[in-house]
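Please put together the full structure from these sequences, using the hints given.
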Amino acid sequence: MYKALLVDDEPRILQGLLELIPWENFGIEIAGQAANGRVALDLLEQTKAQILITDIKMPEMDGLALIREAKSRFAFLKCVILSGFDDFALVKEAARIGIENYLLKPVEPDELSHTLLEMTAKIDQEVHRQIQLRGDSVILRNNILNRWLTGQIGEADFRQRAELLQLAIDEKAYVVCLIHPLFAEAESPSNRNLLLYAAENLCTELLAVCCRAIVVCDSMDQIAVIVQDDLAALEPDVIHPYLQQCVDSIRQYLKSDVFVTVGSRIADCGRVSESYAQAQQLMEYRLIMPPATIVDIRDREERTDSDMGRSIPYNRLAQLIIDREKEQATAFIADTFETICRTMTVSPLQVQNIAIELLYHMLTVMSRLKLESASLFDSQDHLAVQLIRRKSVDELSGWLQMLAVKTIDCIEAQESRESPLIKRVTDYIDEHYANNISLKTIAVSFNVNPAYLGQLFIKEKGDTFSNYLNAARIKRAAELLTTTEWDLSAIAEATGYVNQSYFSYLFKKTKGVYPTKFRLEHRTLN
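To get this note's numbering, take the position in the sequence shown, counting from 1, and add 16.
What the hints contain is simulated information worked out from the structure, not anything from laboratory work.
Fair warning: there could be bad hints in the mix.
Stated by the list, open to error - Straight line, CA to CA, 16 Å or less: simulated EDC-like cross-link-like pairs of lysine to aspartate or glutamate:
#1 73 with 25
#2 422 with 341
#3 491 with 443
#4 87 with 61
#5 87 with 58
#6 439 with 411
#7 188 with 171
#8 422 with 339
#9 527 with 290
#10 524 with 290
#11 491 with 428
#12 524 with 537
#13 533 with 495
#14 439 with 428
#15 87 with 45
#16 121 with 26
#17 19 with 58
#18 386 with 428
#19 386 with 479
#20 271 with 203
#21 525 with 339
#22 188 with 251
#23 19 with 61
#24 138 with 116
#25 491 with 339
This is the structure in structure tokens:
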């Protein structure tokens, strides 16, 4: 129903208009009546009426003055003037300020009915156009923000588009938080979309009153919250309570659990994608930790920052699993817990945190290789529950060793299902990564179409040929950095890179640090 406001200084005219036609048949309800323009303006503010039908001659504020002021406040307001005088000058002025019709008193029912039909049709068209424009605007906004989060747009381009979208991007620091709804397996896709939409709106409303946040759904069906402020205002003790409000409200109103992660604090608008990537990586913890948990990158740094935790090369376990070294992987876990037993100062909580880190690195390998982590676990209990149930260090060590073996079994099972052609290609890459090879040269060597080979490679490995080749080269480069004294140019050449700068760029992109820093850190660790 649309709302109409009737304005006339004669009560009998107002009463006559009410009774003249069946307003509800036109989809219109009378939202209010006023005897002059000033009262009418207040009623327009209160009722948000879309239609104004007003007399032209009234005390305090006449109809023309009312329409001018009302139009300045409500651009889409439809106005009709009633007058007892057929005054051409008034008609001309009324047309200039924008009215739908000029009706002479006494008003004829047919003429008013025809006017109302035309007005409601115009309002329908404008509402539809506004919905479409709003929808297009939301799609554009989400697209730009997702490109910002994933680093697919430069800072200058992003700021230009943000200004067009009226997004305020002017703070000194940023942090990306991800809210991941934990949908029930049986939840239908349509219900998931509704819940996600409702959760996004809930978070937007809650955060609007306590911090400067931009809320958007990402491509993983997660709610990304980009909080911007001074660095001090982005500390865990400041933003965690805001996020906890979102968690509690989603639980209360939507009856759904969520898992929340927080990336690093970034002082540069152009590096927000780093915080997003970290928050995304921390999502692996949802398989280990209970629902409604908030995992902050700061917490993770503190967890691994104890003397015991810092001395464990967790990445070594991940590499052993990737290399399918069952005996060495299980020995690594066993040795880790033997060392823990010899360290009298380690608390039970630290032991549990170390176990969580080991499990996290196994799950990260599964995720990277596109393997289904659920196949690791016989029990349907949450991993946090299974981990806590281990009553001793020996039991915990044995459980993690069993999971490491299962992870390697999953990798080997996947490889056994792999296309023989792709197996030959990956073996060739592993052996000849130092040479100048490409998808085209390998396609010629194996007598296949390059486009077909590229598509098959993505289907089998879940990644492009060039990404796989670079990963193999960077893996070897990391080994050379920690086991030789070669300079960077020699390592770059030995791993297939002619340009040392490009090698350093790719190494930083893959490992998160430049080769020189990687060498220093891992030499110290080892």
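Quick rundown of the hints versus the structure:
no. : hint         : verdict
1   : 73 with 25   : holds (8 Å)
2   : 422 with 341 : holds (12 Å)
3   : 491 with 443 : holds (15 Å)
4   : 87 with 61   : holds (12 Å)
5   : 87 with 58   : holds (14 Å)
6   : 439 with 411 : violated (38 Å)
7   : 188 with 171 : holds (14 Å)
8   : 422 with 339 : holds (14 Å)
9   : 527 with 290 : holds (13 Å)
10  : 524 with 290 : holds (12 Å)
11  : 491 with 428 : violated (20 Å)
12  : 524 with 537 : holds (14 Å)
13  : 533 with 495 : holds (14 Å)
14  : 439 with 428 : holds (12 Å)
15  : 87 with 45   : violated (21 Å)
16  : 121 with 26  : holds (12 Å)
17  : 19 with 58   : holds (15 Å)
18  : 386 with 428 : holds (13 Å)
19  : 386 with 479 : holds (10 Å)
20  : 271 with 203 : holds (13 Å)
21  : 525 with 339 : violated (22 Å)
22  : 188 with 251 : holds (14 Å)
23  : 19 with 61   : holds (12 Å)
24  : 138 with 116 : holds (10 Å)
25  : 491 with 339 : holds (11 Å)
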